[in-house]
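Participant: Quick mapping for you: the protein sequence lines, in order, are chains Y and E. Under full-length UniProt numbering, the very last position in the first sequence is 658; numbers go up by exactly one each time. Under full-length UniProt numbering, the very last position in the second sequence is 658; numbers go up by exactly one each time.
Source of the hints: derived by calculation from the structure; they are not laboratory data. Careful, some of the hints might be misleading.
Same chains, same names: a pair is fine if it fits in one copy or spans any two.
[As the list claims (entries may be wrong)] Here are the simulated SDA-like cross-link-like pairs (lysine to any residue), alpha carbons at most 20 Å apart as the crow flies:
| hint | residue 1 | residue 2 |
| --- | --- | --- |
| 1 | K462 | G573 |
| 2 | K320 | E150 |
| 3 | K73 | K271 |
| 4 | K543 | V22 |
| 5 | K596 | D44 |
| 6 | K437 | Y264 |
| 7 | K311 | I504 |
Okay, here's what each chain looks like letter by letter:
Number of protein chains: 2
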Amino acid sequence: SVNPDLASERQTASFSVEKLTVLLDGGVEQTRRRRAVVEAIESDPVFSRENQYFQTQNERYEAAVRKGVHLQKKMHEMGWTENGPEYKYIYRALSGDVAFLLHRVFMRSISVLGSDKQIAKWIPLATQHKLIGSYAQTELGHGTYLQGLETTAVFDTATQEFILNTPKISAMKWWPGDMGRSATHTVVFAQLYIHGKCYGIHPFIVQIRSLQDHSLCPGITAGDIGPKMNFEHIDNGYLLLKNVHIPRENMLSKFCEVRPDGTYVRQGSQKINYFTMTTVRISLISDEVLTPLMKACTIAIRYSAVRRQSKLKPGEQEAKILDYQTQQEKLLPQLAAAYAFHFINDYLQELLNRGYREVHRKNFDMLPELHALSSGFKAVITQCCTAGVEVCLRACGGHGYSLLSGLPSLYTKILASCIYEGENTILLLQTARFLIKCFMAASAGQPVPPSVTYLAAVKPGKCPARNKLDFLSPDIYTEAYQHVAVRLISSTAAKLQDLIQSGIKKHDAWNQCTVQLVQAAKAHCHYITVKNFAETVEKLETKAGIQKIMKHLCDLFALHGIFSNTGAFLHDGYTSASQMDMVTASYLDLLAVIRKDAVPLVDAFDFTDKNLNSALGSYDGQVYQRLYEWAQKSPTNQMSPAYERYLKPLLHNTLSKL
Amino acid sequence: SVNPDLASERQTASFSVEKLTVLLDGGVEQTRRRRAVVEAIESDPVFSRENQYFQTQNERYEAAVRKGVHLQKKMHEMGWTENGPEYKYIYRALSGDVAFLLHRVFMRSISVLGSDKQIAKWIPLATQHKLIGSYAQTELGHGTYLQGLETTAVFDTATQEFILNTPKISAMKWWPGDMGRSATHTVVFAQLYIHGKCYGIHPFIVQIRSLQDHSLCPGITAGDIGPKMNFEHIDNGYLLLKNVHIPRENMLSKFCEVRPDGTYVRQGSQKINYFTMTTVRISLISDEVLTPLMKACTIAIRYSAVRRQSKLKPGEQEAKILDYQTQQEKLLPQLAAAYAFHFINDYLQELLNRGYREVHRKNFDMLPELHALSSGFKAVITQCCTAGVEVCLRACGGHGYSLLSGLPSLYTKILASCIYEGENTILLLQTARFLIKCFMAASAGQPVPPSVTYLAAVKPGKCPARNKLDFLSPDIYTEAYQHVAVRLISSTAAKLQDLIQSGIKKHDAWNQCTVQLVQAAKAHCHYITVKNFAETVEKLETKAGIQKIMKHLCDLFALHGIFSNTGAFLHDGYTSASQMDMVTASYLDLLAVIRKDAVPLVDAFDFTDKNLNSALGSYDGQVYQRLYEWAQKSPTNQMSPAYERYLKPLLHNTLSKL
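Pulled out of the complex, with its shape left as it was, chain Y reads as follows (with noise of 0.2 Å):
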């Protein structure tokens, strides 16, 4: 039976929740698949996610591998296939809790870098799981600046074998996913040394764990780099190389060769490269990031509609938590950014498929705006969704921070996405390169990629906003943030040139501004975000009260971002004071309309119970019943292992020196 408390938010929903969820999956096709695939994982007990709270980091590397093998079962079973229509809702309906994602990157690695004969051979092996195949890259001491790598790969022309090392404790691999007990091989990326002459880093094909009995192999040390923030499924590994060779066969050679007799062949375009980090920027987005922060908002949202706190009016009931402002202040912008980067995703997606088929036609011009607006998005999505996690958590009290809520797991796994595919703040500042780069050209009157040829349009003026109704019109919000962002990308670029003007050098010029030019590429993607959301829900069906719906939230958005950074409108005098007044009283205003949509916004996102794996979560909100039920099942849920030993002798005196 449904709590009363939610039953009744649900009742007065102003739209269609099911269609919205159309919406969101991308049509009705694809909702059916999806549920269909939710339904197939969620009945098969070995991808239970039950009991994730209560595992040590064995017991759940354990289970994952378990999920891994059974996985493949399953597909087979199923009839679905890695490249099929239902892989990226398996991956959801398991909430990645599953080993072998590396093998998927290593496999990656052969098709993207391997010559035609390497494919041949190696994909047939990994796809029929002859092997178990991992990614190393990062160093103890190197992630993000790659040229630094100190692994060496030395080629020997006498015995026609490359010889690894990892020469110093620095060089260490250190964080792969699955090589840490799994898996039998490994990409290794490592500086190419022929003849005592460097060429930079190349990735090679290294066996670590026999087939036979996966003992380790001769050269090798490998092993567990240890507990993490969260991952405990995943064995993130650690891999030393003493002499250890491998043929010459097993240098990924589609760009590069070395010849038999030691000569280094460069051959095509590495321009494809980059394109692969942009894909896994773009890819990481839905998964990893935007799925933790719908979860969080469903999450928050119906146990902040059944938690009764405090008295709103003097002699009523307590009332629902949901209905103080500073409650819907903290849930209703997380609930909105939920939405804003739902379908800046699907700009993005859109964006790399048209990449992609430039890319095949041997068209690489739309790479350095593909890599900036990657890069930028990468950096501003996971950063505000783990912040709104981080909100949601807090907003749920006490409960939001027992494990059981779902939250703090959410919390630390979607952190880590601030960090890896390229540390946030290394990745604005690409961005900002990117920017600065294309706000000279439009200055000098040169043409500018699409996403950025507003910055050709630079005009002072002030924002026209008259009542704080004005403030609900997309055109003069969108205005806002184009204005801010030529102001930060422009006034950033002034003091650049200043500072180089005034004799320091170049590099020490551009440290002396990364403070700023970090904000100028986040107040871009912003706008590039609000203006995206806005086109989007111009383009809806007017049926159903979605539209309706879509607008209110991609106004809080928009007046959200303003009350939140008021001094970015303010500084030039843009927007005035009473108009940001104006800003204050919609935004605040548009807090209480939304409100009565809460509920159903979430319920659109479709979450199981299984899938969410929350107490104060569940669709039918009996959340205290749920706490209890399942707190009775954690294993401190025995007579206090303490008690012989310790507590005895000291309630009874009987301690020795006591």
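Place chain E on chain Y using the hints.
Facilitator: Leaving out everything else, chain E in the frame of chain Y:
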């Protein structure tokens, strides 16, 4: 041997680290005593936290009990007492990783709320550990709003007993520490009923487990609430009461008594109850909030001095990440905040001591101000320090995400401080209520408490700064902070009045202002913090370079606050856009200045390696060796437990169905 990259940072310190340590401790004698305690604790293997990051919840709990018991012996041996000067150092040296903290709360409750007779009976029993106490206030459905508690205590004149019940699942006690598995007794807060009439919440001593064999007493259901984001060492518990009979004498009756015939007698002032909460909120700041931030700063800054990544100048060695402006902008404001809050903590302690003396003389006039300040500062400091620890964690990239860095545990633990002892938003609204009241009083020419007299002196004015150096003047920035606080308080007071005058009911009007009231309360606390930091710096000795570096930190703290919240200062034109550019310039300049002393400034916190318990933060900076050695000890470093059952059949293609 110290990593040369770290050693070089220490050679150029602009001040005496030892002198700064002594300043932080409050005197030479305190430093000596603290170090003696640390030495005694850390040389005792029972208190080791070496394996903490590898332990399960059960193991952590058992270790905490072992340490709790051992601590009794140790204190006896060393001649330390609970009220002695060593006690606070003991807790810090143990990093709070010890059981029976609620036993102390149990004792304090009895001392404060019990009659002399009750104190005489229970305190000796507790002191001698003939029982283990806990404190059961929070319920599954009730935290913040005490009046809403649902547990009942019905007085039965026939038997002269109270009969206690948790009549619904939401009435179950939930969260009390030490109660899940250890405690034999607890103080239960329940609605008192006599002859069918409810007299509100009262405290009752209830035995929950047998002193003989630790089995649960009749009518008691109790256990552990399961896994949490941290605090694995504490057995936070649940408690169901079903017709539990306790004697009339077990109601703590300093303030209220139930006579044998059922007559209810209220005696003395209950104002003192408020004071207890105030005391707890202030006392948690140092150990639970400042220490973690100081540790996080120590870890992140030492690591940033030895981590080299990417190049600042082409052709040179990779740069220390501490040399990047963006890294400085992440870490140095957190360091400044640690110092700012250390000094405001001194201020609050002094105020509290004065409060104690006044209350002792039955003068309760200071209580409202103390309550408002302790609430607001508890919220602001826990919030800023939690955010600060997270910044430190993320600033260390992947290695910060390893539990071995120590940072994840610091974060997941400090996060709880935003929730316990009053949820932060609720607390800020209490401060706001006080501020609005004082503002109205001050506007009407009535006297107000010392910390808010500035509200009486509202003047419009403009910031007089003319160049970026002017913003290094404490008068300039303190005035700016004061101006913002007054503006936010007065404008919210005006909005509130307008709403009420427009016919909106008082409680609705209040709810519609809460987002802005929270901002106003924060602005008040920030102003007091900046003012207090500036005044503290002024009073410091000018020798040994300490005043100079503290002045830099004070400037940084103040300017960072403006830089991160420019809108508040720009809004009414108090600060102009060009002045804001001066703030930015001064702020960024300061980063480079303080960066030079960053390592000495964290060295002054004087944490031992054992106390930091971090592979990244050790005094010698041998980060990579430490991570590798430590990871090798992880229980995950054994042959894959999934090999025989899953990996081998997969690799050998002998899985039945594949």
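Participant: What are the numbers of the hints the structure violates, in ascending order?
Facilitator: Of the numbered hints given earlier, those the structure breaks are 3, 5, 6, listed in rising order.
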